[in-house]
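Given chain W's structure and the hints, the job is docking chain D onto it.
Number of protein chains: 2
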Amino acid sequence: INNEKKLKPDDCVRGNIPRPNLTFTLCFLKTMVNQVQRMDGGSQAPKSDSSGASNSGGESSKESSRCSTPLLDADRADRLREKMKRRIESGDRWFSLEFFPPRTSSGAVNLISRFDRMGSGGPLFIDITWHPAGDPGSDKETSSMMIASTAVNYCGLESVLHLTCCNQTKDQITAHLAKAKRLGLKNIMALRGDPLADVWEEEECGFNYATDLVKHIRWEFGDYFDICVAGYPTGHPEAESYEADLKYLKEKVDAGADFVITQLFFRAETFLKFVKDCRAVGITCPILPGIFPIQGYQSLRQLVKLSKLEVPEAMMQVIEPIKDNDAAIRNYGIQQAVDMCKVLLQSGDVPGLHFYTLNREVATMEVLKQLGLWNEDPRRPLPWAVSAHPKRKVEDVRPIFWASRPKSYIYRTQEWDEFPNGRWGNSSSPAFGELNDYYLFYLKSKSSKEALVKMWGEELMSEESVFEVFTNYITTQPNRNGHKVMCLPWNDDPLAPETNLLKGELEKVNRRGVLTINSQPNINGKPSSDPIVGWGPPGGYVFQKAYLEFFTSSENVTALLKVLKKYEPRVNYHIVNVQGKNITNAPEMQPNAVTWGIFPGREIVQPTVVDPVSFMYWKDEAFGLWIEQWAKLYEDESPSRMIIQYIHDNYYLVNLVDNDFPLENCLWQVIDDMFDLLDAPPVTVE
Amino acid sequence: INNEKKLKPDDCVRGNIPRPNLTFTLCFLKTMVNQVQRMDGGSQAPKSDSSGASNSGGESSKESSRCSTPLLDADRADRLREKMKRRIESGDRWFSLEFFPPRTSSGAVNLISRFDRMGSGGPLFIDITWHPAGDPGSDKETSSMMIASTAVNYCGLESVLHLTCCNQTKDQITAHLAKAKRLGLKNIMALRGDPLADVWEEEECGFNYATDLVKHIRWEFGDYFDICVAGYPTGHPEAESYEADLKYLKEKVDAGADFVITQLFFRAETFLKFVKDCRAVGITCPILPGIFPIQGYQSLRQLVKLSKLEVPEAMMQVIEPIKDNDAAIRNYGIQQAVDMCKVLLQSGDVPGLHFYTLNREVATMEVLKQLGLWNEDPRRPLPWAVSAHPKRKVEDVRPIFWASRPKSYIYRTQEWDEFPNGRWGNSSSPAFGELNDYYLFYLKSKSSKEALVKMWGEELMSEESVFEVFTNYITTQPNRNGHKVMCLPWNDDPLAPETNLLKGELEKVNRRGVLTINSQPNINGKPSSDPIVGWGPPGGYVFQKAYLEFFTSSENVTALLKVLKKYEPRVNYHIVNVQGKNITNAPEMQPNAVTWGIFPGREIVQPTVVDPVSFMYWKDEAFGLWIEQWAKLYEDESPSRMIIQYIHDNYYLVNLVDNDFPLENCLWQVIDDMFDLLDAPPVTVE
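Protein chains in written order, with the numbering used here: chain W, 1 to 686; chain D, 1 to 686.
In short, the hints are calculated from the structure, not lab data.
Cβ atoms here follow ideal geometry from the backbone N, Cα and C, with glycine treated the same way.
Careful: at least some of the hints might be erroneous.
[To be verified] Straight-line C-alpha distance at most 30 Å; calculated DSSO-like pairs for lysine-lysine:
(1) W/Lys444 to W/Lys179
(2) D/Lys581 to D/Lys526
(3) D/Lys369 to W/Lys85
(4) D/Lys446 to D/Lys369
(5) W/Lys566 to W/Lys581
(6) D/Lys85 to W/Lys565
(7) D/Lys632 to W/Lys526
(8) D/Lys565 to W/Lys85
(9) W/Lys526 to D/Lys565
(10) D/Lys526 to D/Lys503
(11) D/Lys83 to D/Lys503
(12) W/Lys565 to D/Lys83
(13) W/Lys526 to D/Lys526
(14) W/Lys342 to W/Lys250
(15) D/Lys85 to W/Lys83
(16) D/Lys446 to D/Lys181
(17) W/Lys566 to D/Lys526
(18) D/Lys170 to D/Lys446
(19) D/Lys508 to D/Lys446
(20) D/Lys526 to W/Lys565
(21) D/Lys323 to D/Lys83
(22) W/Lys250 to W/Lys181
(23) W/Lys83 to D/Lys566
(24) W/Lys508 to W/Lys454
(25) D/Lys170 to D/Lys181
(26) D/Lys85 to W/Lys566
(27) D/Lys83 to W/Lys566
[To be verified] Okay, the calculated bits of chain D under chain W, using three or more residues with CB under 8 Å as the criterion:
(28) 144-153
(29) 593-602
Only chain W is shown next, with the shape it has when bound in the complex (with noise of 0.2 Å):
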């Protein structure tokens, strides 16, 4: 790309009339809906940005890297605008979604549980708005430039950060965007922004318009970003024509921009004529329709006045009858979606679809479904969830106890400038890091402190209440007070699918204080494909041992260690307290196996491990959050307060793997024993 074109004249006389971009109607929309971005400056800081992410990019990494990963999906090495080309390239469609950033701490922790949920529908990448007024930049929760970093870091999404350029040194957009490449994003949407006063000036030397922040962020950052631009299929209401538009579109694109996403608008033949005219002007890069899906009449309304969109009179006789009906109204406009999205795809010039969510789920996922786009089972790239930071995309193998926390264990990890691809365990590997910030919203629960009282208990009376809750947990029961308890402190979701495979069984050793945190079932060979344990890609087969983990008395730990002699070698086992104290039986402290997958023309996968260095390092962590999460629930000197504080100082961490993964699982085997000898006559014990 070169980037040393030299400003064009006109770039300089296009003279004063604002040139409106998206930002500016986005940000309206959220002010209908109630969602204006206030800062409050009294949030704490999360630490996560001065962690100061390594600089090296994913291709350095893999290059300085001894041992080559197998490229398990493409997808996930691709830069956006590759997998873009290869989707249309393979005619496979795709659709985004936009969110823009939470006004509250709380409300970031509810967007990044919905960027969870929305994410399992296979979006192409979702993009987050930007808005001066929000300080942005910042390292707050509510920032845009924190929410794209959590995104991607956190979330595994590919991410799009809007960055507008209006108002702002270049100084200040240098260090937006070098901070942006340190947190790991790789994709910027430039946008000129909405001025401060009501009349646009041209400022001397600065930023004036969207093309200017294309430019520069080519000149400075090379081709490290994917850059998008906004398009405006009926032409700005305020341009001078939609021509001007196009023109103006086509500036944008040569000075560096990779694709292009519009305005919204209410016709498909608006936006398949605006893609015809922009071919005809020669802007050959993908453009993506934005898609509005109505919510509510009012917000509708709003933005016909202020926007100066035009609403169809077709739509508007179908509206008026029903306004004073919301629910008419959704169904109306997921149905109007649906009905221009079908006519789009059809048409053969759309490859994906943009969605302006409104930090909304439901009308966007029904609209997706219908069409057919929303992907009800999305294939796994490996058994745990991704990251999409560059230098994690060629991580491959992680220890299987951060296996409900994955977001602990990529916060942890984040100072790892190179991640061990080939194999885990390396003494050269660097440390973990301390967890001490288990306030930070993308780690935090999605409970609030009331529902897990409710959950846990108000008041636990002896140790048997606590073997309650995780046997409830289990069984999806509720409990005494009639609270279901829908999380655990290692466990903030129900059970996967797959561990509710063991679901009997784990009921019937948590009943009896065998305290389960992490496990899985064996698997002799499925199919890559199979809807519970299955992972990577088609053609393949994946394998499993048999694993358990459990918080224990150190009575029960006594028999357990009796039970145990009779299964070597066949059982592996780690069992350590909040001291330290381990005892194990792996050879020479070798890393163990635990999920593997075959697949065509590759080297093997495996994916999962049990690591005897990082289980400590994993056992400081699973300790700790008996007193971060649940007994700081209680009074100081409480009895409940009490009860968790002896079983974190006294209980032992245990884990257990079944190496004869074609057999039957004989860990419940062993669990068995253990109280057999524990309920045997003191007499035979010996």
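This is chain D only, laid out in the frame that chain W set:
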């Protein structure tokens, strides 16, 4: 180890009495069996020394490597003294074998082949004697240095190189040791050697005793080498006294020796008393009895005369009456050795037995079998023949193509500084060395040119004559002239037991011109202890994808390519001709793992891959063998030679992998389909 101990005064005053050692006696023994060392200076010097194998030991290589190898076999990584220590602790007895260097080039080929056969019985180590008159440190293929290097590098045997010091300068000694280290040798048997003159004259500032040599090795090379010294159970006949000899041995051990091997003896009590006396003077290291099974009357008599060893009266009484019956003497010798060894082993003072083989197999193997020490079913640490070079101790993956030519693979990768131990085919891997050195004794066929012509045909009439040779090799039926085809240019041994599983199908396809040179059946989780396909530590499971590699005509390839479309993506293929035209469906040229193992408490091991990059190097070798090993048996311009040349120029080398290892191997069906297509009337071909 403290190497800075000064020479003690008595080191210099021990006087002029010669202290004969093992070298002396063995040299004599060899004279008796007509194997005196005479150097034929005319043989071509092998190039392998000029390769300059990396100076970095296995340890440093392991540390610098990004991905650690799962340690499957502790024995493979440990140094000899540690292996001994572990065996002593576990109570596992071992044996070791002594050989002397061959006299001729063909003797060298035979000895290497003997190493392979005797190595399969599981010796803890072998040792190679050193005879100053025989240019033992040279690059000649008959030198002790080259034979020991070949044993280590190409036969995978832990080897001890003898080294004598008398009449040599310090610099000469150091040069020998440096060369040994460079070649991957880790163990030295430090001996004085025999004086050139009849009367022993002490040299000033030279090496007069083995003790001096031990000190020198420790001084110059620190702890790099494991050092063995000789012990004399009956005291040396020319020594001042038995007690003086014990004292000298104590000095040798104190100087830094790790273990002792004794001169031969005829009664268990002799040795057991010797061990007791050694312990009494403070010699604590392992002491291995030297066992010499009597193999003939004359040799025994001469031995007695020259070495002044006393044959017990009771033995002579048995031997004298049968002295003219060679077979009876041999049988007696075996029985005598077995009886004596049983007493030794039962004493509890003998951790391992050292055999003076005189380069013969039968007697020693028979003794070992009767003692139950010969490993009838050797465990394979990996599915291919490992090298014992320190830098290759971490090697854990190889391309399958060299499965039948492991020595050639080792030769072609000898320049590599580090072994790809996580994955294979990394683009930063150094290239393969050229294979122009077909004449090297350790790469040569065991069969003579005459034998090869008999097997492969005095005169070839057509391509079909060649098909017949391949078919006869598979079936082991004699050819038209009554000769069994025991080898092919690509396989110097009969079919492996594993390949034998495919015998029926192989015969069928070879008969029709699918000339197979490499194959393996699919295996879906057999125990690692399986006698045919098992490898690695016990308690594991091994897997394979079916593999087939063959030469075939371009007509066949045309049909094959049509057929293969039906088998996408189940079957991966690489099809290449001698010019390098390459047709493949391998995704992104990644390696395909075709052999892997799952073991208790370990990561996954994938020791064999089909690697697209190395296939191009193998291709040159595989095509080259047609000419170098087969065509060159015939006169220039002869029809036989032209037929082979035609095949070389026009056939393709094909490899096929069936990725669906849990299903029945479909590769035979692929070949059948190809023949069906070829047999079909032309109209149906389209």
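Hints, verified against the model:
no. : hint                 : in the structure
1   : W/Lys444 to W/Lys179 : holds, 24 Å
2   : D/Lys581 to D/Lys526 : violated, 38 Å
3   : D/Lys369 to W/Lys85  : violated, 68 Å
4   : D/Lys446 to D/Lys369 : holds, 26 Å
5   : W/Lys566 to W/Lys581 : holds, 22 Å
6   : D/Lys85 to W/Lys565  : holds, 26 Å
7   : D/Lys632 to W/Lys526 : violated, 52 Å
8   : D/Lys565 to W/Lys85  : holds, 26 Å
9   : W/Lys526 to D/Lys565 : holds, 25 Å
10  : D/Lys526 to D/Lys503 : holds, 20 Å
11  : D/Lys83 to D/Lys503  : violated, 39 Å
12  : W/Lys565 to D/Lys83  : holds, 27 Å
13  : W/Lys526 to D/Lys526 : holds, 17 Å
14  : W/Lys342 to W/Lys250 : holds, 27 Å
15  : D/Lys85 to W/Lys83   : violated, 58 Å
16  : D/Lys446 to D/Lys181 : holds, 29 Å
17  : W/Lys566 to D/Lys526 : holds, 23 Å
18  : D/Lys170 to D/Lys446 : violated, 39 Å
19  : D/Lys508 to D/Lys446 : holds, 28 Å
20  : D/Lys526 to W/Lys565 : holds, 25 Å
21  : D/Lys323 to D/Lys83  : violated, 41 Å
22  : W/Lys250 to W/Lys181 : holds, 26 Å
23  : W/Lys83 to D/Lys566  : holds, 29 Å
24  : W/Lys508 to W/Lys454 : holds, 23 Å
25  : D/Lys170 to D/Lys181 : holds, 16 Å
26  : D/Lys85 to W/Lys566  : holds, 28 Å
27  : D/Lys83 to W/Lys566  : holds, 28 Å
28  : 144-153              : violated (count 0)
29  : 593-602              : holds (count 7)
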